[in-house]
Every structure is written in structure tokens, then in C-alpha cells.
Amino acid sequence: MTVLSLKNVSKSFGSLKVTDDVSFDVPRGEALGIIGPNGAGKSTLFNLVTGNLTPDAGRIEFDGRDVTRMPAMRRCLDGVGRSFQIPQPFEKLTVFENLLVAATHGRAASEAEVLEPCTEVLERTGLLPKSNTAAGALSLLERKRLELARAMATGPKLLLLDEIAGGLTDAECQSLIQTIRDLHSGGVTIIWIEHVLHALTSVVERLLVLDFGRVIGIGEPGSIMESREVKEIYLGIDV
Amino acid sequence: MATPYAVTTRTPASSVAMIFGLILVAVLFAAPAFAGRGTIQDLFFILTMLVLAQFWNLLAGYGGLVSVGQQAFVGLGAYALYGAVILGGIDPVVSILIAGLAALVLAVPTAFFAFRLQGAYFAIGTWVIAEVARLSVAQWRAVGGGTGTSLPRDALREMMLVDWIGEAFDVRASAARDILAYWLALTLAVATIAGIYWLLRTKRGLALAAVRDNTEAARSVGVDAGRMKWVVFLTSAFGTGLAGGMIYLQKARISPDAAFSVTDWTAYVIFIVVIGGIGTIEGPIIGVLVLFLLQSFLADFGTWYLMILGLIGIGVMLFAPRGLWGLISERTGLQLFPVRRRLTGGPLMDKEV
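Read top to bottom, the protein sequences are chains A and B.
Taking this note's numbering, the leading residue of the first sequence gets 211, the next gets one more, and so forth.
Taking this note's numbering, the leading residue of the second sequence gets 215, the next gets one more, and so forth.
Take these hints with a grain of salt, some might be off.
Below are the BS3-like pairs computed for lysine-lysine, each with C-alpha atoms no more than 30 Å apart in a straight line [said to hold, decoys possible]: (1) K227(A) x K217(A); (2) K302(A) x K441(A); (3) K441(A) x K227(A); (4) K367(A) x K217(A); (5) K443(B) x K417(B); (6) K367(A) x K302(A); (7) K443(B) x K302(A); (8) K417(B) x K302(A); (9) K417(B) x K367(A); (10) K443(B) x K367(A).
Hint data in this document are derived by calculation from the structure and do not stem from the laboratory.
All chains, please: the whole structure from these sequences, using the hints.
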């Protein structure tokens, strides 16, 4: 069954078309990777799916419902969780309170009801020792983990990860991959934008390639990486 | 399986503060028994300014809505009270509620327009709306138009509870009215602080903090940022209107220029919050005491007084941007109204650094 479906979605900023007639389906439980050069429109595509931006044309369906014009906050309640490429923590709140906001509002539940899911996320993301630290005082790596943790705390059916592995050491990357794998095997559908390709290909079942706002390839990672267009785009980049 | 974790907001200082707070409120309620009329009037000023400051702090410090138009709600609330008393023959004490409701009614179209503006434009927009309200009320002949009017003597004489207070404290009717106004202001101040503290400790308080820190991210975790702004703006307007009604009930005389004064009802209020510490409940309490002391000591200096206030304001913004309470809590870690939810218990918590 399809959980997310984009049909001919377009978005322009002024005269610049950043999303150009994009269509694809994501079946429930799949992990889909999105790659493409900088400026290809990957983050914009995310913002369209989460509702932080509204498309100029086309249609977005989530869970069989038209959500094209639904605001971000409603989509989160319906089960769309996201991380931001540049971490956007609530700086004056503690790590625990960051998750508490996400869990109480994203699940429309009381603080008492979400204590257990919140502590579980803290344990799984290794942030437990930092629970009572203000998010503004975290290191970059901890902020990245908080991005993932906060998205997890909303209890998403569909999780959108925007360059969550960038800037991590190999060991940190491995533990992050494990966390994402666990989520995936728990039934969460994942769409993941990533430049760290080995991390991406070790989790996702399909890859989507974006260039100048257009989908130029979608399919099994092995064949996508072998295709001529991808090789051209990534020419000179160590794969 | 029960979770090994627990959440707590209480601190040792907050428990002590709670007890002292209750004692202080009890003493203040009993004040008319031992304090003179002048003291009661001073306390009335402090309490009503405290209410205005707490609501402005809720708007700006928690909601990120820097309004320069709170005088619209003070003025309209006050005029609604005069209208209800003079035209409707309603008891002035009951009319205070009408003052709050009138401010609430004005707040709906104000928010509708002002919420389209951001930052400085929002501030100017609210000011413009307040001026429009002042000019409109000045056309209202029945309550004195541009020159203003007084509360009718009959209405003041027949005001509820005044006779009883006069007999109980053996004072004249005018002093009894001051005592009544003071009690009402004290009740409103306590209710305001308790209500704001309660709000901040609910999940809406968390949402408010999240919107303040990062609106876009807040929306992405399911926070209805637009609704939070409405809740904060309407609540503040209602409370500010109640305070406005009380202030002019006590003054018993009103004019548009005084009731819609941007200096009295917004500039001083901003001074209080900024000096005391924006974004804290403690800040406005300290700030209002500082303003009162400055007013008392500098009252004879005329315009110099305002210039000194301005200099102090600038000084605090430069050297203590989090206000006097910010300095105190930074040095001592003290929190009298803690809202921080601390996670305790559990296996890994000991490792905390």
C-alpha cells in the first residue's frame, strides 16, 4: 500500500523552478534514499512533503488523503516526522523538553502519557546523559542526534531525514545507521536525503536521483549508481 | 513494567518561595487593617502595573509579540466600564468584567490585522490601532467625548461592599472605595501570576517556548503556532482590559488622552519588564518595585525623571540584557517559579555532566 504519493508536483522561487513536475510513490514500510547535487531541490522537496512549503502545482497524498494544502502542524499529527538539515533545536529548552514538546503535540497526548516514549527515544539515541542540558549548549553532533530524536518523539509513520549523517565520524555514523535500521524494521517508512552514500545504501531499498528539480532516476540502489546520468552528476565525487 | 523515570519541576527554593508567597498574599489582604490610605493607593498602583507588566511579558517574553498598543485595551476597558456605569446603570464592580470583555472584543480584529505584520511592523501596527481606538472613543459624547467625564456620585455611593468596608474599617466612603479597588487589584494580580504560571507548566507552555525559540521547527513537531499566538494575545487583552477598568474605577475620572496614554500604559510597562527580566514571572515583580521606588525618589525632578528612567533602561539593556532577575538567577541559580521539567531516575542519569 502507498503511504506517500506525489503527482506532478512543482514549486518555483521567482523564476527558479526548484521542483519540476515530480511524481513518485512510496510504499508503506519502505526506506527511500534521495540523492542529487547541491541545489538539486532535495530539501525543498522535503519541505513540500512536510507542509513547510506549499506546491504551485500538483498533488501530494499521505495515507490516501490529499494533503497538498494541509499545514505542517496537521501533517505532523497525521504522522509525518522530519529532521532539519541545519539542526533547529528549541535552544532554551532542555533536550528532554525538546522531546516533550514534540511528543505531546505531535501525538496530541499528555505529558504523563509520553514520558515513556520520550525516555525510550533518549535511550535509543544516546542522549539520555544530556537530558537536562539546554539544547543551545549541545555540540553539533549532539544537535544532529537531537534532530533525529525529536522527529522520533512525534511517533511518525513517515520519517524524513535531511542529511542526518553529514559531519559524523565513522563510528558515530554506524551507531546512527543502526538506530535508523531499528526504526525501519519497526515499520516506519523512511525517506532519507544523504550525501554520505555508503550510509544511505546500507539502509535504503530504493534510490531517487534529483537534478535541477527533476527526477532523473528511481530504482534499486545498485542499478541507479551504475546509470550514466548518476555517474555524470557524481563525476569526480568519490562514491 | 513501570518506567524508572520521573519528571520534576520543583526546586527547594520554589517550595520556600511558595510558602513565603502565600504569607505575603495573606498579609497584603490584611493590609487595610493597619496601613494608611496613602499606602493602600501606592500598593494599588504597584499591583495594577504588575498585572499590566505580567500580561505584556506574556505577549513579548513568551509569545514573541512585542506590542506597543496595550493602551488600547487599558483605555477601551476603562471606557467600557464608564459606559456600563453611566449608560447601563450597572454596578462599577460588575462593570470591571465588562471592561475585560470589551478589550477582548477589540483584540479580535486587532489580532486579525496585526498578526499579518512581523517584528517592528507588528509593534507599530498595534500602536496605530490604539490611536484609532483613542480617536474613536473621543467621539463618544455620552462619556464626555474628548474632554472626558467622571463616574457619577450615585453609582460610587451605591457600589457594592463599600458600606460594609467603611463600617468594618471605620473609614469614610472614599477610603473604603480605595480599599475595595485595592482588594480587587490584589485578587487580579494573584490570579494573573497563578494563571500564567499554570499556563507555562502545561504542555501549552512548552509549545509557547518552542514557538519563541523556533517557529518553523515548532510547526514541524505538531505545535499550532498560530493558535498559540491567538491564545496569548486574547488572554493578555482580557487581563489588560480588567486592569484598565480597575485603574479608572479607582481614579473615578477619565479622559481619552489619559486612558489611551502610550507612556503610562505601555512605555512604563515595557520598562518594568525589561528592567526586571523579560521572559520570567519574577522579572516584572522586581521591575514594578524598581519603577515605584524611582518614581517615589525622583518625583520632584520633572522631565529629568523620564530621562533618568530612559538612561537606566538603556543601561540595563546593554549590561544586563536579561534584567535584574536575570542577574540574580545567573549568580545564584534561584528560580521562584520554576518551569523547567527535569528528568530524574533511570539507569544512565548518573552520568550527567
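Hint check:
1. K227(A) x K217(A): With a Cα-Cα distance of about 16 Å, the restraint between K227(A) and K217(A) holds, given a limit of 30 Å.
2. K302(A) x K441(A): Judged against 30 Å, a Cα distance of about 44 Å means the pair is violated.
3. K441(A) x K227(A): holds (24 Å)
4. K367(A) x K217(A): holds (20 Å)
5. K443(B) x K417(B): With a Cα-Cα distance of about 15 Å, the restraint between K443(B) and K417(B) holds, given a limit of 30 Å.
6. K367(A) x K302(A): holds (28 Å)
7. K443(B) x K302(A): This hinted pair holds, its Cα atoms lying about 19 Å apart.
8. K417(B) x K302(A): With Cα atoms ~16 Å apart, K417(B) and K302(A) stay inside 30 Å; holds.
9. K417(B) x K367(A): Judged against 30 Å, a Cα distance of about 23 Å means the pair holds.
10. K443(B) x K367(A): holds (29 Å)
The structure is inconsistent with hint 2 alone, although it conforms to all the rest.
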